[in-house]
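Note that my numbering has the sequence shown beginning at 73, numbered continuously upward.
It is possible that some hints are incorrect.
What the hints assert, rightly or not - Simulated pairs of lysine-lysine, DSS-like, Cα-Cα distance not exceeding 27 Å:
no., residue 1, residue 2
1, LYS86, LYS123
2, LYS86, LYS96
3, LYS123, LYS96
Since the hints were made in silico from the structure, they are not lab data.
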Amino acid sequence: MHAVVAPPTVPVGKIKSFGPFGPKYEVGHALRQLDDGDWMVEVTMVETGEKVEYRLTHLSDDPEAH
Numbered sequence: 073m074h075a076v077v078a079p080p081t082v083p084v085g086k087i088k089s090f091g092p093f094g095p096k097y098e099v100g101h102a103l104r105q106l107d108d109g110d111w112m113v114e115v116t117m118v119e120t121g122e123k124v125e126y127r128l129t130h131l132s133d134d135p136e137a138h
C-alpha cells in the first residue's frame with residue numbers, strides 16, 4: 073500500500089528560465105512524486121504556451137527570469 077504524500081510547496085505562477093540564458097517558463101503545480109523522492113512539476117513555456125513536465129530539483133536551481 074502506498075502512503076499518501078502531500079505535494080511540496082511550489083512557486084506557482086513564477087517566471088523562471090532554464091539556466092541563466094535559457095527560455096522562460098511559468099511554474100505550474102506539482103504533478104506526481106518520483107521513485108527517487110523528487111517531484112515532477114508542470115511548467116508552461118512562455119514563448120510557445122507548450123506545457124511540459126520538469127523536475128522540482130532542477131526548477132529550484134533555475135533563476136527567476138527578468
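Each hint tested on the structure:
1. LYS86 <-> LYS123: Judged against 27 Å, a Cα distance of about 15 Å means the pair holds.
2. LYS86 <-> LYS96: Holds, because 10 Å separates the two Cα atoms, which is no more than 27 Å.
3. LYS123 <-> LYS96: Between LYS123 and LYS96 the Cα gap is close to 12 Å, so the pair holds against 27 Å.
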